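Engineer: Sequence:
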Amino acid sequence: MAYLESFVTSQRLGRIDAVLAHRTRHVTVVAEDFHDPHNASALLRTCDALGIQDVHVVENYNTFKARVGAASGATKWVTQHQYGEPEQDNTLLCCEKLRSQGYLIVATSPHLNAVPPETMPLDQKLAVIFGSEQDGVSQRAIATADYQLKIPMVGFVESLNVSVSAAVCLYTMMQRLKSLEVAWQLSDREKQALRLTWLRQSIQHSAALERRYWQQIR
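Numbering (the numbering used here), first residue to last: 4 to 221.
The set of hints was computed from the structure by calculation and includes no laboratory data. One or more of the hints may lead you astray.
[Claimed, not checked] Label pairs and their in silico Cβ distance ranges:
#: 1; residue 1: 40; residue 2: 99; range: 26 to 32 Å
#: 2; residue 1: 13; residue 2: 161; range: 49 to 55 Å
#: 3; residue 1: 183; residue 2: 221; range: 47 to 53 Å
#: 4; residue 1: 91; residue 2: 10; range: 40 to 46 Å
#: 5; residue 1: 119; residue 2: 159; range: 18 to 24 Å
#: 6; residue 1: 137; residue 2: 159; range: 18 to 24 Å
[Claimed, not checked] Calculated lysine-lysine pairs in the DSSO-like style (CA-CA distance at most 27 Å, straight line):
#: 7; residue 1: 79; residue 2: 68
#: 8; residue 1: 181; residue 2: 194
#: 9; residue 1: 181; residue 2: 100
#: 10; residue 1: 153; residue 2: 100
#: 11; residue 1: 128; residue 2: 181
#: 12; residue 1: 194; residue 2: 128
#: 13; residue 1: 181; residue 2: 153
#: 14; residue 1: 153; residue 2: 68
#: 15; residue 1: 79; residue 2: 194
#: 16; residue 1: 79; residue 2: 128
#: 17; residue 1: 153; residue 2: 128
#: 18; residue 1: 100; residue 2: 68
#: 19; residue 1: 194; residue 2: 100
#: 20; residue 1: 100; residue 2: 128
#: 21; residue 1: 79; residue 2: 100
#: 22; residue 1: 79; residue 2: 181
Here the structure is a predicted model, which means the values were calculated and not measured. No residue lacks a Cβ here, since even glycine has one placed at the ideal position from N, Cα and C.
Whole structure, please, built from the sequences with the hints as guidance.
Structural biologist: What follows is the structure, encoded as structure tokens:
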């Protein structure tokens, strides 16, 4: 890693370390069957801005297509996990994997028994599912969820655009999380792994430089 560090400025290294200090996997996001590239891009941008490292992409019917420009580079810094197996319930596959990693499942829903982001329990790791633009989260997601999450509405509209809803919910939850006595930060090992990944993303032809380095020290 020290070899790659020599190819970036001290300011860039400082920026990487500052961002890593605010990264988390305590809250993760599931994008279920997003169709609109604008919403996909906006979701990635929101997660990067708020320090959420992982986005789990479920593709039962639609392909998740984020536009690089619209995402403002977030595709480079946020880790995407794909679930797009043909003829499989990819929502279930995703939820089962997240449960095996210690996450509780949260489905966004306008139902009356749903919890607003201001009171959503944050003492355990949460995976928050946001659904497709037309249909919202699937019945499978709702049935699997430990909690349902909603933004209370006091106007005539019944819902917000999915990317706006995600931004409101995640910002509120992340602000609360950082004020709690919860170990939400990445482990040192996770930080080191991401630091290396981001260094590679920051350097042109990093793979060629690494090959040359290993050839020189043999």
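Engineer: Taking the hints in turn, state whether each one holds.
Structural biologist: These are the hints, each one checked on the structure:
1. 40 <-> 99: 26 to 32 Å: Between residue 40 and residue 99, where Cβ atoms are some 28 Å apart, the hint holds.
2. 13 <-> 161: 49 to 55 Å: 51 Å, holds
3. 183 <-> 221: 47 to 53 Å: With a Cβ separation near 49 Å, residue 183 and residue 221 satisfy 47 to 53 Å, so the hint holds.
4. 91 <-> 10: 40 to 46 Å: Holds, at about 42 Å.
5. 119 <-> 159: 18 to 24 Å: 19 Å, holds
6. 137 <-> 159: 18 to 24 Å: Holds, at about 20 Å.
7. 79 <-> 68: 14 Å, holds
8. 181 <-> 194: With Cα atoms ~18 Å apart, residue 181 and residue 194 stay inside 27 Å; holds.
9. 181 <-> 100: 26 Å, holds
10. 153 <-> 100: Distance of about 24 Å is within 27 Å: holds.
11. 128 <-> 181: 13 Å, holds
12. 194 <-> 128: At roughly 18 Å apart (the allowed maximum being 27 Å), residue 128 and residue 194 satisfy the hint.
13. 181 <-> 153: Satisfied, since the Cα-Cα distance of roughly 21 Å is no more than 27 Å.
14. 153 <-> 68: 25 Å, holds
15. 79 <-> 194: 16 Å, holds
16. 79 <-> 128: The hint holds at about 24 Å.
17. 153 <-> 128: Distance ~18 Å between residue 153 and residue 128 Cα, so the pair holds.
18. 100 <-> 68: 23 Å, holds
19. 194 <-> 100: Satisfied, since the Cα-Cα distance of roughly 22 Å is no more than 27 Å.
20. 100 <-> 128: The given pair, whose Cα atoms are some 13 Å apart, holds under the 27 Å limit.
21. 79 <-> 100: Holds, at about 23 Å.
22. 79 <-> 181: At roughly 24 Å apart (the allowed maximum being 27 Å), residue 181 and residue 79 satisfy the hint.
This entry satisfies every hint, going by the numbered hints stated previously.
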